[in-house]
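Colleague: Take the sequences, apply the hints, and build the full model.
Chains as they are written, first to last, in this note's numbering: chain A, 585 to 879; chain B, 20 to 682.
In case anyone wonders, no lab produced these hints; they're calculated from the structure.
Mixed in with the good hints, there may be bad ones.
As the list claims (entries may be wrong) - Listed next, the stretches of chain A that the computed footprint assigns to chain B, with coverage defined by at least 3 CB atoms under 8 Å from CB atoms of chain B:
{"no.": "1", "segment": "721–730"}
{"no.": "2", "segment": "808–821"}
{"no.": "3", "segment": "827–833"}
Note that this is a predicted model, so its numbers are computed, not measured.
Yeah, the Cβ is synthetic: ideal placement off N, Cα and C, and Gly gets one too.
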Amino acid sequence: MMQRFLDPAVLAGIAGLDLVAKTVVEGFIAGLHRSPDFGFSQEFAEYRAYAPGDDLRYVDWNVFARTERCYLKRYRGETNTALTVLLDASASMGFSSHRVNKLDYARYLAASLFYLASRQRDAAGLIVFDDAVRDVVAPSSRHGQLSRLLHALERAAAGRRTDYARPFLHLLDHLRRRGIVAVLSDFYAPPEEVVRTMAPVRFRGSELILFHVLDPEELRPTFDQPLLLVDAETRERMEVAPEYARRDYRARIEGHIAQLRDLARQAGMDYFVVETARPLDEALREYLSVREGRM
Amino acid sequence: MGLLAPWFLAGLLALGLPVWLHLLRRRQSPPREFASLMLFEPRRESSVRQRRLRYLLLLALRCLVLAALVLAFARPYREVAGAAAEGSRLVVLALDDSFSMRQGDRMERARREALARLARLTPGERVQVIAFSSTVRVLAEPARDHEQARAAIAALRPGEGRSSYAELARALRAIAQAHRGPVLAHVFTDLQRTAMPAAFRELALPDEVRLVLHPAATENVDNWTVEAVNVPSTVYAQRKLRVQATLVAFAEKPARKRVELVLDGRVIESREIELSADERSSVEFVLPELAHGVHRGEVRIAPPDGFAEDDRRLFAIQRVDPRPALFLHEARDRRSWLYFSNALEASGLGAFRLEEATPERAPAIKPGQYAFVVLSDVAGLPGDLARALRDYVESGGAAWIALGPAASARGEISVLGGSPASNGPGLAAYRVVGELETTHPCFEGQGRWEGVKFYRAVAADPGNARVLARLSDGAPLLWEQTMGAGRVLVFASTFDNIANDLPLHAVFVPFVERTAAYLASLDEAPGSLVVDAVLPLRAAGARGIAAEVIGPGGERLVSLSEAGAAGSLPLKRAGFYELRRVGGRSLTVAANPDPRESDLRLAADDLLAAWRNAGPEAQDGSAAASERTRKGLWQALLALALIAALMESWLAGRYFTRPSEAT
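Modeller: Laid out in structure tokens, this is it:
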């Protein structure tokens, strides 16, 4: 029943990103059925020797009573990490062939990720960009961070052209600790350029997940007559034959995805194609699998 | 191939409409935003070419619909040769059997060519044989067996009627309408110019009829004929008569001819006259005093020319005694008798011997012996005479009743019954004639009635009678009423120059003469008629009186069953016809061929070509040209337009409807 709320078309009818994120994540978690792979309960993970600065609340006093040594008892859900979402808000993200455009879908996904991170007490941050950095919320796990993030997501609107260099330079300047960096974009740039721009983040020890957000019409155009197409970012006009759109274009977009996937994997990044007509749980599952690997 | 209405081709200009629409549609193609064109290739040329190709197909279909419709309205046809058209085709062999076909070997030539044409037809092809002159007769009904047609052609002989191509065209139209398929009409005729109707539209033939003319005469033939003989059909007095004959030269050169008057087989007089080219000339003969009885005569040209059958013109003349007529008047009224008798005598008709009588000595009168009876303002009649007069009229007699003061005072119209209302206005006022039925025999050939003043006129109700004249105030002046087989004329005034001044006007004499002749039925039949004219067997309303007609060969032309019922008889042959009536006089009438048949000159070539509605190649009547028939193509074009419209609709649906599901 809750799966229904992961449908983007249903989420579009819910006002407020906080409610959307809660609906998605609660529904998603309810569908996990206590999977051993993704524990969010207080399951024991490890003991770690106390170090100055650790929170005394996590000291296992029973062990200390027996051994007179301070150990911190850690659980799976308590392996903190930092999530930084880079949200592409270029003009091409405003495209849609149905009720939910790509930017809305990316916002739902980002909000869900933030909500999930908030449940796990992970720090979360946001960078909204197009050809420049439009909005930045520094990663934090403080109280009220979720509200700030959601508010920043609300403000994001489709802007101009895409430039990956600037947001990643900004990210590298402010990336203080290792964590997970999720890039939500349609990646209308040469795959080599995309990977080359993002590779330094990986070198800093952070995990990088590329969520390639695409509309079904971008994957499978359905032109039935010659059309004069206008590029959403460059405003370039081009007359396109339907046969080309059905045959040649599909091959090219599939080739583009395959090249991006291959290059991303070669660079140690995770790559995931997100189709805006599909539920968000697949994207969440991808995120959690990556996070699991960081524990 | 050809077009019957080529001016409809102007509709092809409408082809510009779909072209314009397609160009306009190209310019109005709305742009559509897409996320990125990074992965599209700018294949602009191929894209446009692709669109043009598909749209051109749609454009071609739309143009095809319009072009097919326009061409269908232009009514194209193609000529189908021989075998292709023979299946549903009816071949009509029409032979001219008019009087002019007697000249030379025209009839033999027409028969020969018709038989040759019949022999060239495909066995089993439907053939109909007709003969035409002033009417059309079917000699062989449409049949695939050609034997009956062959026998009918071989047995055909020329008649004495007048040829009429208008009648032939009318018959061909009827045949085409009944056949509902192509008709090939072979017409074998001498192409007389006089057979052409006055209005060319009477020759119009439907598209299904293909006309091929086979001339039985190829050049003009000089001919001279007696066009008319002017002689009275009846003479009443012992006197010499002048016979005036009109001769016509249908020839290009003058000729000297001898003209003879023959009466009862004896040449009475002979004249030599010079006949100018293409002109009419008159010859006058004097007949000696005739004995009582019927005399058969003719005026003829001697020696005979190249067309001997039309060199004579028959006429019949009979000598009879004047018939008695009775004029009844009051003893004190001498003026009416004076004016009426003098008017009848002055007319020169001589057909009547007018007797006067007064009611006092009327019982001795037997009305049956009179041609007509005049009752001039008679106050009253003895009962026996009134009954005798009524019986006389009902059995076919005629009465002329003049109403005046005496009749008005008596309060009853003699013979007819009914009462006159009053004697009309006094002398102070007069009326004139307001309406006159000038076509009635009583008023034929008369002058003006405007000056005649009527001081008194008896007002009477004519009832259902036919009113022939009315006064200026609308009161009836002269009306005719039938009683049994006879007729009664009522004149609402008198002949005495008191109630009116009619006797003093010039119209009085012809009025009395024509009315008397009408009442005595002197104009029933002239002495000479043309073949195909109709001979009236009895007077109007005289139904039941048997009549017998003896034809030129002495045969009886009216059967016993028709003798009492038939009103008229068409004269089909030239010669003398004798009409015998029970209780009436016999009448002899001469019938002559129509003089227009003597004009043997050919019709104009352009007129014939227009009638054939064919090109020069058909002029020679060759077999190849004559066997072709027109087949309309408009039905096929309409079907093509329909199919193209359906394809256009289907294709447009595919072009402009977005698929419901992506593949």
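Colleague: Going through the earlier hints one by one, which of them does the structure break, listed in rising order?
Modeller: 1
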